[in-house]
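*Asks:* Going by full-length UniProt numbering, the sequence shown opens with residue 1, and the numbers climb by one from there.
Just so you know, these hints were derived from the structure itself, not from any lab.
There may be inaccurate statements among the hints.
[What the hints assert, rightly or not] Here are the simulated PhoX-like cross-link-like pairs (lysine-lysine), alpha carbons at most 25 Å apart as the crow flies:
#  : residue 1 : residue 2
1  : 58        : 104
2  : 8         : 104
3  : 115       : 19
4  : 112       : 58
5  : 8         : 112
6  : 112       : 37
7  : 58        : 8
8  : 104       : 115
9  : 106       : 37
10 : 115       : 8
11 : 19        : 58
12 : 19        : 8
13 : 106       : 8
14 : 19        : 104
15 : 58        : 115
16 : 112       : 19
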Amino acid sequence: ITVLFFAKEGDGCVLNSTKENVLAPVTIHFQQGLGQKFRQPSGTGITLSMFEESELLKVGDLDVYPVAVKADASSGDVNGTNETPTSGNKTNTNSQITQAVFEKEKGEFRVKVVKQILWVNGMRYELQEIYGIGTSVESDLDGNDPGKECVICLSEPRDTTVLPCRHMVFTVSFL
1 ITVLFFAKEG DGCVLNSTKE NVLAPVTIHF QQGLGQKFRQ PSGTGITLSM
51 FEESELLKVG DLDVYPVAVK ADASSGDVNG TNETPTSGNK TNTNSQITQA
101 VFEKEKGEFR VKVVKQILWV NGMRYELQEI YGIGTSVESD LDGNDPGKEC
151 VICLSEPRDT TVLPCRHMVF TVSFL
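All chains, full assembly: derive it from the sequences and hints.
*Replies:* Next up, the structure:
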């Protein structure tokens, strides 16, 4: 996992910090496996007072995102050892990039995810919202909310993925 501040996406799944001299990217390595929790080391975050509020609260079509998180999949070699990217910017890895902005609400800053990108086998896929999911997720965190059901069958919990071309749908029952 690599956390970058004021990140710009380059070619081939490369993220560059535009303020690396002030805020260096933070990379945390994990062993392969599920259910692991990310905890950013103390002292490696962002001090918001270092920046103008206008710089932190940019909106619209962004080229540089105030916060980006990149998760690179590690790959095992024939000896069973794991190869983990050291910079978070290798082009041969499968990765997920989450780009976010800051919002200010009641005097406090919050992080809002605005874009997610998957890199799989050298192909870039930008994840799109499925109609109806975004508004029900943002409305509240009540898991019993009737608006949180699958947008395909409208009765079961959400377990659906739509491919970027939007021509095919996968649900858990297909896997």
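*Asks:* All hints, please: hold or fail.
*Replies:* Structure-based check of all given hints:
no., hint, verdict
1, 58 / 104, "holds (11 Å)"
2, 8 / 104, "holds (22 Å)"
3, 115 / 19, "holds (20 Å)"
4, 112 / 58, "holds (12 Å)"
5, 8 / 112, "holds (17 Å)"
6, 112 / 37, "holds (20 Å)"
7, 58 / 8, "holds (14 Å)"
8, 104 / 115, "holds (19 Å)"
9, 106 / 37, "violated (29 Å)"
10, 115 / 8, "holds (13 Å)"
11, 19 / 58, "holds (16 Å)"
12, 19 / 8, "holds (10 Å)"
13, 106 / 8, "violated (29 Å)"
14, 19 / 104, "holds (21 Å)"
15, 58 / 115, "holds (14 Å)"
16, 112 / 19, "holds (20 Å)"
Violation of the numbered hints given earlier is confined to hints 9, 13; the remaining hints are satisfied by the structure.
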